[in-house]
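*Asks:* Just so you know, the protein sequences line up as chains W and U, in that order. The numbering of the first sequence is my numbering, which starts it at 119 and goes up by one. The numbering of the second sequence is my numbering, which starts it at 9 and goes up by one.
Be careful, since some hints might not be right.
Keeping only pairs whose Cα atoms sit at most 27 Å apart, straight-line, the calculated BS3-like set for lysine-lysine is [stated by the list, open to error]:
hint: 1; chain 1: W; residue 1: Lys143; chain 2: U; residue 2: Lys470
hint: 2; chain 1: U; residue 1: Lys267; chain 2: U; residue 2: Lys343
hint: 3; chain 1: U; residue 1: Lys470; chain 2: W; residue 2: Lys209
hint: 4; chain 1: U; residue 1: Lys470; chain 2: U; residue 2: Lys315
hint: 5; chain 1: W; residue 1: Lys209; chain 2: U; residue 2: Lys60
hint: 6; chain 1: U; residue 1: Lys315; chain 2: U; residue 2: Lys343
hint: 7; chain 1: U; residue 1: Lys31; chain 2: W; residue 2: Lys209
If you are wondering where the hints come from, they were derived from the structure by calculation, not from laboratory data. For clarity, every value in this text was computed on a predicted model and none was experimentally measured.
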Amino acid sequence: MTNVLLQYATVLVLSIFVGIEIISKVPSILHTPLMSGSNAIHGVILVGSMLVLGSANTNLEEVLGFLAVILGTLNVVGGFVVTDRMLEMFKARKPATPPTKSDEVAS
Amino acid sequence: MSRETLIDLLYLFSATTFLLALKGLGSPKHARRGNAVAAFGMLVAIVATFFKYVDGHALHHVGLIFLAMFIGAIIAVPTARFVQMTAMPQLVAIFNGVGGGAAALVSITEFMHIKSTNPATYVTLEVLLGVLIGAVSFSGSAIAFAKLQELMTGRPITYPGQQIINAVVGVVALGLIVTILVQGSTSLLWVLLGVALVLGVAFVLPIGGADVPVLISLLNAFTGLAVAASGFTLGSNLLIVAGTLVGASGILLTRLMSKAMGRSLSNVLFSAFGSVITASVGGGVEGRSVRSGSPEDVSVLLGFASKVVIIPGYGLAVAQAQHVLRELAEVLEAKGIQVFYAIHPVAGRMPGHMNVLLAEANVPYEDLLEMDEANSELSTADVALVVGANDTVNPAAANDPSSPIYGMPIIHADLAENVLFLKRSMRPGFAGIDNELLYNPKTTLIFGDAKDTLTKVVAAVKAS
Numbered sequence: 119m120t121n122v123l124l125q126y127a128t129v130l131v132l133s134i135f136v137g138i139e140i141i142s143k144v145p146s147i148l149h150t151p152l153m154s155g156s157n158a159i160h161g162v163i164l165v166g167s168m169l170v171l172g173s174a175n176t177n178l179e180e181v182l183g184f185l186a187v188i189l190g191t192l193n194v195v196g197g198f199v200v201t202d203r204m205l206e207m208f209k210a211r212k213p214a215t216p217p218t219k220s221d222e223v224a225s
Numbered sequence: 009m010s011r012e013t014l015i016d017l018l019y020l021f022s023a024t025t026f027l028l029a030l031k032g033l034g035s036p037k038h039a040r041r042g043n044a045v046a047a048f049g050m051l052v053a054i055v056a057t058f059f060k061y062v063d064g065h066a067l068h069h070v071g072l073i074f075l076a077m078f079i080g081a082i083i084a085v086p087t088a089r090f091v092q093m094t095a096m097p098q099l100v101a102i103f104n105g106v107g108g109g110a111a112a113l114v115s116i117t118e119f120m121h122i123k124s125t126n127p128a129t130y131v132t133l134e135v136l137l138g139v140l141i142g143a144v145s146f147s148g149s150a151i152a153f154a155k156l157q158e159l160m161t162g163r164p165i166t167y168p169g170q171q172i173i174n175a176v177v178g179v180v181a182l183g184l185i186v187t188i189l190v191q192g193s194t195s196l197l198w199v200l201l202g203v204a205l206v207l208g209v210a211f212v213l214p215i216g217g218a219d220v221p222v223l224i225s226l227l228n229a230f231t232g233l234a235v236a237a238s239g240f241t242l243g244s245n246l247l248i249v250a251g252t253l254v255g256a257s258g259i260l261l262t263r264l265m266s267k268a269m270g271r272s273l274s275n276v277l278f279s280a281f282g283s284v285i286t287a288s289v290g291g292g293v294e295g296r297s298v299r300s301g302s303p304e305d306v307s308v309l310l311g312f313a314s315k316v317v318i319i320p321g322y323g324l325a326v327a328q329a330q331h332v333l334r335e336l337a338e339v340l341e342a343k344g345i346q347v348f349y350a351i352h353p354v355a356g357r358m359p360g361h362m363n364v365l366l367a368e369a370n371v372p373y374e375d376l377l378e379m380d381e382a383n384s385e386l387s388t389a390d391v392a393l394v395v396g397a398n399d400t401v402n403p404a405a406a407n408d409p410s411s412p413i414y415g416m417p418i419i420h421a422d423l424a425e426n427v428l429f430l431k432r433s434m435r436p437g438f439a440g441i442d443n444e445l446l447y448n449p450k451t452t453l454i455f456g457d458a459k460d461t462l463t464k465v466v467a468a469v470k471a472s
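Whenever a hint applies, use it, and build me the whole structure from the sequences.
*Replies:* In structure tokens, the structure reads:
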């Protein structure tokens, strides 16, 4: 066990607790955007993909890294766009106007 | 300040925006802004990464990185923008799967990169976990996608000895991990990747359509954990934080979903629920009488109500009847009738799916009630209108210990003065269980396509 590993483990454990604390406050009405939003967040693997492609020494590493960047980009971009689309639809009731109006209430 | 410190600070900023985004999801008001903040944080992290030094020099292959990003973005944007809201679960599944695939690839590539330096055992273990979990998530999500997209049957796929075969595949994967840890061989890493992909497929095949909300949450957690494992390998706090947050969220949701089904997680994953449609379905039913009505009867009942609770299920989305349902609610509200929607946590094909489908139809989110709240409203409601739901209102879950869904929390439609049940036929719901509520003297059944029926009801209510 090195100190570095211990430091990462600390971050891991604290993140678990912070994550559970925050996420248990999400109302069930927003569970789909939560899934999709957290989906976008794990797209941060793109950063890792960039690092492995950017340090690739062999052709095989290049090919794998290239694929990883494509997949990571799909994950990030798709995740955020879908989540935004979903959240855009959640509208509050507008006083005295029929809710058919598509203008936004909450930003 | 050194370059590396600055980049690490920017990563810290990104990690903070991710937390803010999840916090923003605490209410529909701030959720969208939170998502935008996280997207910005992600952009900052990506830009900062371009300036990072790896192994003492700047990133190589910057052109290739841009090309790959371009390819990814050009596929992702139109797909994400234009896909139907009902197809959202499979889209989330596939975006989740590619993330898992990326994590597995990152772990493999990093392993090849560092293996000449004789990495410590724990580093190899991190790599192996990243490959295993990432690949299971990738192939599992692909099968979940195929099921949801109806490229294959949504029913559980079972074959003799399935559980034994799955167990053997799992044991082989573990054996490979131990062998690689001892020997440090790269070629076995490819075998592990293959076995992990098979494991993902084998694991998802026996899980049926209605259990998919649990499955998708779990696969999301897997990808998060795979990303965290890659973060350990690469020495990136950002990846560890983000991956762990997602892992925690996925596991929490998975538990919530299985609780909402009144079943344990292992029962959801391993029992191939719903594969056997019980033979008693046809038999026991015929002798009993149900009361059926016409759309006009419905409009009369609704017109005299002062409080109506609508209980939608996935059948509503299948019939594409969300919009006409919302129209009905508006017409009723214009007459001074209170209207609420009672949303069961597992209604739909992913956690909270029904809320999104109704939000798409412009239903204000204040009208969407969670189960407990809905049940207290139902006790004073004049009419419960069940559209496309079945198992989630089945009183057997509360009263009949022999029922397979016994213990599942339900929406108590039978608390209302009258129950209107819009149904396509007498066919039982996904679980294949007869629904006692159909024979309740309070209940009126209206057979037919939900969209047609609701359109007629709207016309009749308007005319009255």
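*Asks:* Tell me, in ascending order, the numbers of any earlier hints that this structure violates.
*Replies:* As far as the earlier hints go, 1, 2 and 5 are violated by this structure, in ascending order.
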